[in-house]
Amino acid sequence: MKRFAVLITIVFVLSLLVVPLVMAQGKPAPAKEPAKAPAKAAAKPALSKEPIKIGAIYDFAGPCYMYSETGMLGLRIAVEEINAKGGILGRKIDVVVRDTEAKVDVAVREVKDLLLREKVNFLIGPCSSGTGLAMQVVHTEYKTIRISAIANTEAQTVDKFSPYFFQVVPNTYMEATAATRYLNKKVPAAKKFCTINPDYEFGRRQAAAFEEEIKRLVPDAEILYHAWPKFGERDYTAFITAIMAKKPDAVHSSLFGGDLVAFTKQAAPYGFFEKTPFIALYDLPVLIALGPDAPEGTFGFARGDFFQDPNPKMMEFVDKFKKARGAYPDAWAVQNYDAVYLLKAGIEKAKTIETEAVIKALEGLSLDSLRGNFTIRPLDHMGSVPCYQGTIATDPKYPFKVWKDITRVPGEQVLRPEASVREIWKKTGVTR
Amino acid sequence: MSFDVLFNQFMSGIARAALLFLVASGLSLTFGVLRVLNFAHGSLYMLGAFITYTIWKTILIPVVGFYVATFLASLVMGGIGIIIEFFLLRRLYARGWPEQLLATYAIVLIITDIVKWGWGGEFLSIPRPIPFKGAVSLFGFPFPSYNFFVILLGLIVVIFLWWLVYKTRLGDIIRAAAHDREMVSALGIPIPWLFTWIFVLGSIIAGLSGAVTAPFGSIALGMDIEIIVECFAVVVIGGMGSLPGTLLGSLIVGLVYAFGIMFKPELALAFIFMVMAAVLIIRPWGIFGRPER
Amino acid sequence: MMQRSEVGVNNSAVKRGWWLILLIIAFLIAPFVISKFYLTILCEALVMSLFAISFNLLFGYMGQLSFGQAAFYGLGGYVVAMLVTKLQFNFWLSLAAGTGMAGLVGLIVGYFCVRLRGIYFSILTLAFGQLIFVIIFKWHKFTGGDDGIQGVFPPEYLRSIEAYYYLIFFVCAISAFILWRIVNSPFGQTLKAMRENPERTEFLGIHIARYQLIAFVIAAAFAGLAGAVWVPFYRSVAPSYLTWIKSGEPVMAAILGGPSTFFGPVLGMFIMTFVHSYILGFTHFWPVIMGTIILIIIFVLPGGILEFAKVKITERREKANIAKGQT
Chain A
1 MKRFAVLITI VFVLSLLVVP LVMAQGKPAP AKEPAKAPAK AAAKPALSKE
51 PIKIGAIYDF AGPCYMYSET GMLGLRIAVE EINAKGGILG RKIDVVVRDT
101 EAKVDVAVRE VKDLLLREKV NFLIGPCSSG TGLAMQVVHT EYKTIRISAI
151 ANTEAQTVDK FSPYFFQVVP NTYMEATAAT RYLNKKVPAA KKFCTINPDY
201 EFGRRQAAAF EEEIKRLVPD AEILYHAWPK FGERDYTAFI TAIMAKKPDA
251 VHSSLFGGDL VAFTKQAAPY GFFEKTPFIA LYDLPVLIAL GPDAPEGTFG
301 FARGDFFQDP NPKMMEFVDK FKKARGAYPD AWAVQNYDAV YLLKAGIEKA
351 KTIETEAVIK ALEGLSLDSL RGNFTIRPLD HMGSVPCYQG TIATDPKYPF
401 KVWKDITRVP GEQVLRPEAS VREIWKKTGV TR
Chain B
1 MSFDVLFNQF MSGIARAALL FLVASGLSLT FGVLRVLNFA HGSLYMLGAF
51 ITYTIWKTIL IPVVGFYVAT FLASLVMGGI GIIIEFFLLR RLYARGWPEQ
101 LLATYAIVLI ITDIVKWGWG GEFLSIPRPI PFKGAVSLFG FPFPSYNFFV
151 ILLGLIVVIF LWWLVYKTRL GDIIRAAAHD REMVSALGIP IPWLFTWIFV
201 LGSIIAGLSG AVTAPFGSIA LGMDIEIIVE CFAVVVIGGM GSLPGTLLGS
251 LIVGLVYAFG IMFKPELALA FIFMVMAAVL IIRPWGIFGR PER
Chain C
1 MMQRSEVGVN NSAVKRGWWL ILLIIAFLIA PFVISKFYLT ILCEALVMSL
51 FAISFNLLFG YMGQLSFGQA AFYGLGGYVV AMLVTKLQFN FWLSLAAGTG
101 MAGLVGLIVG YFCVRLRGIY FSILTLAFGQ LIFVIIFKWH KFTGGDDGIQ
151 GVFPPEYLRS IEAYYYLIFF VCAISAFILW RIVNSPFGQT LKAMRENPER
201 TEFLGIHIAR YQLIAFVIAA AFAGLAGAVW VPFYRSVAPS YLTWIKSGEP
251 VMAAILGGPS TFFGPVLGMF IMTFVHSYIL GFTHFWPVIM GTIILIIIFV
301 LPGGILEFAK VKITERREKA NIAKGQT
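Protein chains in written order, with the numbering used here: chain A, 1 to 432; chain B, 1 to 293; chain C, 1 to 327.
Check the hints yourself; a few may be wrong.
[What the hints assert, rightly or not] List of simulated lysine-lysine pairs, BS3-like, C-alpha gap at most 27 Å:
{"hint": "1", "chain 1": "B", "residue 1": "57", "chain 2": "A", "residue 2": "323"}
{"hint": "2", "chain 1": "A", "residue 1": "246", "chain 2": "A", "residue 2": "192"}
{"hint": "3", "chain 1": "B", "residue 1": "167", "chain 2": "A", "residue 2": "247"}
{"hint": "4", "chain 1": "C", "residue 1": "86", "chain 2": "A", "residue 2": "143"}
{"hint": "5", "chain 1": "A", "residue 1": "192", "chain 2": "C", "residue 2": "141"}
{"hint": "6", "chain 1": "A", "residue 1": "230", "chain 2": "A", "residue 2": "247"}
{"hint": "7", "chain 1": "A", "residue 1": "323", "chain 2": "A", "residue 2": "49"}
{"hint": "8", "chain 1": "C", "residue 1": "141", "chain 2": "A", "residue 2": "426"}
{"hint": "9", "chain 1": "A", "residue 1": "230", "chain 2": "A", "residue 2": "275"}
{"hint": "10", "chain 1": "A", "residue 1": "360", "chain 2": "A", "residue 2": "85"}
{"hint": "11", "chain 1": "B", "residue 1": "264", "chain 2": "A", "residue 2": "192"}
{"hint": "12", "chain 1": "B", "residue 1": "133", "chain 2": "A", "residue 2": "275"}
{"hint": "13", "chain 1": "A", "residue 1": "191", "chain 2": "A", "residue 2": "344"}
{"hint": "14", "chain 1": "B", "residue 1": "264", "chain 2": "C", "residue 2": "141"}
{"hint": "15", "chain 1": "A", "residue 1": "322", "chain 2": "B", "residue 2": "57"}
{"hint": "16", "chain 1": "A", "residue 1": "230", "chain 2": "C", "residue 2": "141"}
{"hint": "17", "chain 1": "C", "residue 1": "141", "chain 2": "A", "residue 2": "215"}
{"hint": "18", "chain 1": "A", "residue 1": "246", "chain 2": "A", "residue 2": "230"}
{"hint": "19", "chain 1": "B", "residue 1": "167", "chain 2": "A", "residue 2": "230"}
{"hint": "20", "chain 1": "A", "residue 1": "426", "chain 2": "C", "residue 2": "36"}
{"hint": "21", "chain 1": "A", "residue 1": "143", "chain 2": "A", "residue 2": "397"}
{"hint": "22", "chain 1": "A", "residue 1": "215", "chain 2": "C", "residue 2": "36"}
{"hint": "23", "chain 1": "B", "residue 1": "264", "chain 2": "A", "residue 2": "191"}
{"hint": "24", "chain 1": "B", "residue 1": "264", "chain 2": "A", "residue 2": "246"}
{"hint": "25", "chain 1": "C", "residue 1": "86", "chain 2": "A", "residue 2": "119"}
{"hint": "26", "chain 1": "A", "residue 1": "246", "chain 2": "B", "residue 2": "57"}
{"hint": "27", "chain 1": "A", "residue 1": "404", "chain 2": "B", "residue 2": "133"}
{"hint": "28", "chain 1": "B", "residue 1": "167", "chain 2": "A", "residue 2": "397"}
{"hint": "29", "chain 1": "B", "residue 1": "264", "chain 2": "A", "residue 2": "215"}
{"hint": "30", "chain 1": "C", "residue 1": "36", "chain 2": "A", "residue 2": "143"}
{"hint": "31", "chain 1": "B", "residue 1": "264", "chain 2": "A", "residue 2": "275"}
{"hint": "32", "chain 1": "A", "residue 1": "247", "chain 2": "B", "residue 2": "57"}
{"hint": "33", "chain 1": "A", "residue 1": "427", "chain 2": "C", "residue 2": "36"}
Source of the hints: derived by calculation from the structure; they are not laboratory data.
With these hints in hand, go ahead and build the complete structure from the sequences.
Laid out in structure tokens, this is it:
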């Protein structure tokens with residue numbers, strides 16, 4: 001027995017040492033090219049032919065795992081496409097992936113690994129707002145650009161603005177404002193509201209933005225009750241009964257993912273969806289997971305799953321994604337794809353990968369993306385990306401429910417006004 | 001606040017308690033006899049949910065598909081329980097409890113990655129099975145019938161465990177072994193096998209509770225960590241290894257949370273830990289537990 | 001057994017002294033030798049080692065497994081973060097405040113905990129740890145909630161990795177020295193005696209609870225110091241610093257390196273930190289690897305690496321002695 005255990009130990013340690021080497025050999029192109037490049041460079045002044053390195057840092061743990069994975073797929077499709085066409089400025093793109101484990105200290109360390117050891121030129125990621133904010137301080141210190149394609153707390157662009165940060169996902173303010181307008185349009189008579197949001201940064205900001213916007217639209221609006229289930233709650237029954245006891249006219253929510261699936265299934269038997277107009281983040285993965293249980297007639301908002309914006313460019317991407325994964329692309333893949341193309345456009349406009357020049361180029365840059373055209377606002381580096389809302393309905397074309405009455409709200413209509421941004425900056429000490 | 005609102009909230013608390021009891025009873029059982037605090041219990045529960053989903057998706061039998069999947073998944077979890085007990089825990093009973101604890105924590109880490117690798121971390125869901133799709137009327141208020149199913153199942157498990165522990169010969173041995181391991185062993189009863197079967201029973205309960213969660217809410221990575229601390233709270237409040245204690249503990253945690261949500265939503269979670277700390281301070285071995293020898 | 005190891009100590013005291021000096025020199029010249037990134041990891045390993053030693057004061061010497069040690073670590077970090085960002089407080093005083101706060105909360109929590117033994121002690125520390133975590137997590141307006149606090153910068157002269165490395169090194173070295181003195185003092189010996197035979201020590205008129213409370217407060221304060229000195233290095237703090245998962249890290253390190261030795265947890269933390277960052281470089285399946293490492297240690301090297309090495313060395317020396325005696 002003892003000998004057996006020792007044998008296992010030795011095999012385990014050896015495999016830890018060997019596997020990375022084999023893996024490095026497995027992808028010969030990126031591993032060997034840098035080795036060759038300096039030799040060439042010595043002969044010709046073609047030093048800039050070495051690849052552009054993008055560090056993709058995501059949270060491969062817990063609820064974020066799925067978003068990170070599908071996001072990485074979108075990112076890789078874009079990179080392969082660009083590399084097949086000769087790269088950016090004639091230079092290939094190399095992607096280095098790192099995992100934060102959804103822990104802030106690991107996130108900071110891995111970002112330092114990407115910056116100091118891998119010496120990446122740009123960063124894309126992460127998924128969770130908490131890890132995003134923690135790494136923002138670090139990549140700002142090391143003067144490296146990061147683009148967020150999933151994490152969307154407004155703090156990244158407004159409260160804790162960094163000139164080295166850009167965002168291609170609608171932030172919490174834009175998303176909630178657009179969703180509130182849709183809810184108000186659908187149920188204009190509603191005056192008494194409840195909210196239910198996951199109890200962390202993202203949910204708190206969504207609730208605050210909802211409250212701000214609904215008071216603007218309906219001056220005598222009343223918020224009866226804020227429910228704060230913890231992120232990853234499995235049983236919403238007590239929240240549902242508490243909300244229904246208040247008899248609201250409509251309910252706003254930013255629940256998403258597995259939480260929204262659980263909430264929907266637990267609320268349905270109470271007749272919640274028949275009694276109460278409800279809006280939440282009913283995006284593609286949620287609709288697929290819910291299947292027939294998705295409540296028709298309930299409102300959803302999302303960030304650009306394929307069916308929400310079926311323009312020709314998007315449909316082309318759908319084919320590519322289906323070939324790679326055998327599934328329809330969700331917004332997380334779409335946004336990561338756009339993030340890579342934004343970077344490409346910025347570098348090509350700057351004609352260099354030098355950080356300050358790329359920042360200048362990105363400011364005010366307009367991109368023809370999968371989700372239509374959007375512009376990076378020079379003020380806070382927020383992309384005027386669209387927000388989508390709709391009503392859940394069946395479509396015989398798909399094996400899952402999708403939306404009807406889809407509204408595409410261009411980012412320009414819901415971006416936080418400049419005066420308001422500056423007001424917050426005054427409080428948080430950002431000078432710009 | 002009217003009576004019906006409070007009653008409704010009370011019923012939500014009971015439903016929450018039923019699910020908690022299902023999971024915690026397995027944890028309490030293994031602790032009571034094996035004296036091993038099984039961190040991996042939550043992971044077995046998560047694995048059970050994912051396995052149920054896969055079986056349900058593969059067999060695709062209408063109407064009874066879910067029940068068949070639940071049954072099969074519980075069996076699979078029992079098998080996994082045998083593996084864990086036989087290859088790992090059995091070799092650690094002679095060691096100190098910190099090492100046992102750490103070994104179960106290692107299993108937590110390993111199962112997390114198995115699920116990540118096998119199911120890709122997507123959140124999944126099983127529609128509620130017939131006949132528990134809708135709601136029944138309770139004093140004129142709707143109450144989801146699936147919650148009744150969960151409560152019913154909780155009751156069945158209570159009765160079964162009660163029968164097993166207090167009414168059978170095996171139960172006598174179990175209680176004796178929980179009290180004085182050496183004595184039972186001296187009587188010629190093969191303790192190792194008794195332990196294996198208890199652990200398997202615990203794993204089956206974990207698998208069963210995971211399966212029941214699948215139609216109740218959603219299945220996702222991270223549900224193991226989410227539930228295990230709450231289960232600790234339940235068994236600590238009620239008394240570790242005590243069946244009535246676990247029942248009472250889950251009722252307390254479920255109801256405190258349900259009413260906490262109603263009156264002070266920000267502090268609902270903190271209330272549970274406050275109750276837990278208070279019980280530990282006043283009566284460290286829990287309400288129904290007995291003091292450690 | 002006892003006498004034998006005593007002889008061993010005397011014999012190797014000089015040798016060990018040399019090792020320690022070499023080690024200190026190695027740490028001092030490290031910034032000139034290794035790259036910035038590895039220096040970062042080294043910083044992390046050092047701070048986590050201090051955290052692990054503070055934990056092991058309870059586990060290895062007092063025989064009580066705390067599952068809430070991260071609460072003190074995080075608390076120290078939070079105090080520094082809030083003082084520095086909100087009040088622009090003096091950095092050095094903030095470090096002291098973080099340590100003091102952790103010690104103070106340790107006093108309150110410890111007062112209740114030390115009366116319990118074994119698994120009940122573990123669970124009560126877990127409950128208090130989670131309670132502190134939930135309070136910080138939910139007190140959104142005051143602590144920043146889930147977001148944590150960013151932009152915790154040390155003074156200008158400590159901004160570079162190298163400068164901060166020296167700060168971390170000196171803080172950890174001095175703390176380790178103090179803790180070393182504590183465990184080898186009569187106080188430490190009493191703690192050990194209480195672990196071995198609680199009834200007898202009580203009989204001798206030693207108040208167990210008071211001794212354990214003092215140890216608990218010391219452990220909490222040093223965990224707080226570890227957190228306090230760590231947070232400005234990564235410029236941010238978040239509630240995940242306080243969870244029971246974080247509390248599990250020193251437990252694993254201690255078991256890995258050997259809880260019965262003073263430097264066991266340090267070795268464990270160094271291995272864990274470096275292997276972790278190495279593994280994350282090529283896969284995100286770290287948990288399964290860590291799980292396997294734990295199982296291997298438990299089954300193959302019970303007692304941890306250092307304990308195993310110690311036993312082997314003693315065995316060899318004895319064999320040599322016997323051989324010498326024969327010739």
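Do the hints match the structure? See the list:
no.: 1; hint: B:57 with A:323; verdict: holds, 23 Å
no.: 2; hint: A:246 with A:192; verdict: holds, 9 Å
no.: 3; hint: B:167 with A:247; verdict: violated, 49 Å
no.: 4; hint: C:86 with A:143; verdict: holds, 25 Å
no.: 5; hint: A:192 with C:141; verdict: holds, 26 Å
no.: 6; hint: A:230 with A:247; verdict: holds, 23 Å
no.: 7; hint: A:323 with A:49; verdict: violated, 31 Å
no.: 8; hint: C:141 with A:426; verdict: holds, 18 Å
no.: 9; hint: A:230 with A:275; verdict: holds, 25 Å
no.: 10; hint: A:360 with A:85; verdict: holds, 25 Å
no.: 11; hint: B:264 with A:192; verdict: holds, 20 Å
no.: 12; hint: B:133 with A:275; verdict: holds, 18 Å
no.: 13; hint: A:191 with A:344; verdict: violated, 46 Å
no.: 14; hint: B:264 with C:141; verdict: holds, 16 Å
no.: 15; hint: A:322 with B:57; verdict: holds, 21 Å
no.: 16; hint: A:230 with C:141; verdict: holds, 17 Å
no.: 17; hint: C:141 with A:215; verdict: holds, 22 Å
no.: 18; hint: A:246 with A:230; verdict: holds, 21 Å
no.: 19; hint: B:167 with A:230; verdict: violated, 41 Å
no.: 20; hint: A:426 with C:36; verdict: violated, 35 Å
no.: 21; hint: A:143 with A:397; verdict: violated, 47 Å
no.: 22; hint: A:215 with C:36; verdict: violated, 51 Å
no.: 23; hint: B:264 with A:191; verdict: holds, 24 Å
no.: 24; hint: B:264 with A:246; verdict: holds, 15 Å
no.: 25; hint: C:86 with A:119; verdict: violated, 33 Å
no.: 26; hint: A:246 with B:57; verdict: violated, 39 Å
no.: 27; hint: A:404 with B:133; verdict: holds, 26 Å
no.: 28; hint: B:167 with A:397; verdict: violated, 58 Å
no.: 29; hint: B:264 with A:215; verdict: holds, 24 Å
no.: 30; hint: C:36 with A:143; verdict: holds, 16 Å
no.: 31; hint: B:264 with A:275; verdict: holds, 25 Å
no.: 32; hint: A:247 with B:57; verdict: violated, 38 Å
no.: 33; hint: A:427 with C:36; verdict: violated, 35 Å
Of the numbered hints stated above, those contradicted by the structure are hints 3, 7, 13, 19, 20, 21, 22, 25, 26, 28, 32 and 33, listed in ascending order.
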